[in-house]
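Enquirer: Following the hints, put chain B in place on chain A, whose structure we already have.
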Amino acid sequence: MNSAEIQKLKGLACKARIGAITGTYMAKSGHPGGSLSSADIFTYLYFKEMNADSKNPDDPDRDRFVLSKGHGCPSLYAVLALKGYFPMKELEKLRHVGAMLQGHPDMKGTPGIDMSSGSLGQGASAACGMAAAAKIDGKSYRVYSVLGDGECEEGQIWEAAMFASHYKLDNLCFIVDSNGLQIDGKVEDVAGLCMLKEKFESFGFGTAEIDGHSFEDMENAFNAARNCKGKPFVIIANTVKGKGVSFMENQAGWHGVAPNDEQYAKAIAELEAQLKETEEA
Amino acid sequence: MAEIINKATRESFGLALCELAKTNKDIVVLDADLSGSTKTGIFAKEFPERFLNCGIAEGNMISVAAGLAACGKIPFAASFAMFATGRAYEQIRNSVAYPALNVKIAGSHAGISVGEDGATHQCCEDIALMKTLPGMAIINPADHWEMTAAVKAAVEYKGPVYLRLGRLAVDSFNDPDNYSFEFGKGITLHEGSDITVIASGIIVKDALDAVRELESQGISARLINIHTIKPIDEEIIIKAAKETGRIVTVEEHSVIGGLGDSVCDVTARNCPVPVTKIGIQDRFGYSGPAKELLKLFGLSKENIAKVVSDIVNNK
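Protein chains in written order, with our numbering: chain A, 859 to 1139; chain B, 191 to 505.
Please keep in mind that the hints were generated in silico from the structure rather than gathered at the bench.
Glycine included, every Cβ here is placed at the ideal spot set by N, Cα and C.
Careful, some of the hints might be misleading.
Quick list of simulated restraints, FRET-style, between CB atoms [claimed, not checked]:
1) B/Gly262 x A/Ser912: 17 to 27 Å
2) B/Ala458 x A/Val955: 48 to 58 Å
3) B/Ile246 x A/Asp995: 23 to 33 Å
4) A/Ser1104 x B/Asp307: 54 to 64 Å
5) A/Lys997 x B/Asn460: 42 to 52 Å
Not the full set, but computed from the structure, chain A residues with beta-carbon under 7 Å of chain B [as the list claims (entries may be wrong)]:
6) Gly961
7) Met965
8) Ala984
9) Gly987
Isolated chain A (complex conformation) (with noise of 0.2 Å):
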């Protein structure tokens, strides 16, 4: 990628991030926190990684997406909107009553939702069945999906861990959001949650750490998950919950709250001064 690119994808991630939180502000609910932690990863995936057409969105052979750690939507569907699904307006009837955008994701209502999602731990096991689906077929369409740390206590995660690699889906690749929190506070205190990595490692996952708010490393390291044969990919993305917004940066308490009149105003400002630095760039 050469720096143009690079600076184009910094600006999708700064509207996305204004999508989520303008989102979270009307809806005065919402995960303001892992949306903003998830967001250069959704920017990557939609604008640089997958096979993904709105004016298709059903298309058979496209690449798939499970957004496992479903509470992180808001983002996630700013991305969808500017890639075209939908208008961007409609965030701002996220969670309303009657409103296309759900709490969670529906993938019966939303255009470019793959698979409705938001109890913890299913929609990976849901991304493995879709791998699953393409291996039978023959076909070669990628799944990915994006996790939470926190999630990652689910044990179902490791259930869904242990049939990605039985079954040798080389076409999967999950990606873990680690930015280090979850509702309750600090990850590695609420349960103990460590060495991610390692555990995958274990689980017979090819993986890789990197910086989740890099494009650079997110490209190598979606190229290392293309190159792996014979068992699937875990990419554990080190973020900062919050990213983007200074007073929600690392901060547990941003988790699952939606911004006021003020620090909404103060939000957005900050937002749109680091869009400017990357147009201007």
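Expert: Structure of chain B alone, referenced to chain A:
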């Protein structure tokens, strides 16, 4: 009189699945280390490339099935009813039912006729659990021929289905030449005007024997077989309530949340009549030979006949 086939409905299920998969390439089968018991092993032997053993991890199995369905496959996920619907209830709710994915869940060894394994494996709540899920169809076949037809119907039906399989070998009573399975439609197996017996699953044969015996005692009992518990055939129940005035339900399931409650719901809204529910009362089972347990829990032709004749004679 058609030939009587003595076979467990789980075996009929395994055979039917294997037969249908010969022409339908979308059928895939998942199991959780019980393929010998659920009889998906028959399919696995014939179509190993379309069989996914998930190990003892039912939650993952159900969500994997959801992913397969989202990509156009027709997955059948099998385990014991206890673990398929109990352990993985939340996966069924959120990964399968909420997105209305085309997943078929096969719960084997349902009810107390698991026998010796005892209460931890005797699932008498599966129908209740599945019934509360929006859009979940529930089929509880009674014999070999009905199961064979039900598997085909489940494949043709677009959407989630819970299919209940029994462990015990049971005699067939349907005649394959005259049998037709219609999704959501009850079948009147015996005409009668004094009272109606409504039964479901492998206990239907006992109910049939009971109403035939009652006839010789001068009691005219109608028998309706409800193979599709959800959506239930309201019409046939309302007609029976109006014409016979009293109903006895028979099921190898808790009387809370099962067939009996579905029948009560229909009658209460349309034509209130007294309903007596034969089934597992609000309690757990225990170890013992299956046939003995069925008798002890009132699931025998003798008890069905007694309950019905007591009601009719105390008119």
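Enquirer: For each hint, tell me whether it holds in the structure or not.
Expert: Each hint, compared with the structure:
The beta-carbon spacing between B/Gly262 and A/Ser912, approximately 21 Å, falls within the hinted interval of 17 to 27 Å. Evaluation of the 48 to 58 Å hint for B/Ala458 and A/Val955 yields a failure: the beta carbon distance comes to about 32 Å. Between B/Ile246 and A/Asp995 the C-beta distance comes to about 27 Å, which sits within the given range of 23 to 33 Å. For A/Ser1104 paired with B/Asp307, a C-beta distance near 59 Å keeps the hint of 54 to 64 Å intact.
The hinted window of 42 to 52 Å between A/Lys997 and B/Asn460 holds, with their beta carbons roughly 50 Å apart. Checking A/Gly961 against chain B: minimum C-beta separation of about 13 Å lies over 7 Å; hint violated. At its closest, the beta carbon of A/Met965 sits 5 Å from a beta carbon of chain B; the interface hint therefore holds under the 7 Å criterion. With a least beta-carbon distance of about 4 Å to chain B, the hint placing A/Ala984 at the interface is held under the 7 Å criterion.
Interface restraint check: A/Gly987 against chain B, minimum CB-CB distance 2 Å, threshold 7 Å, status holds.
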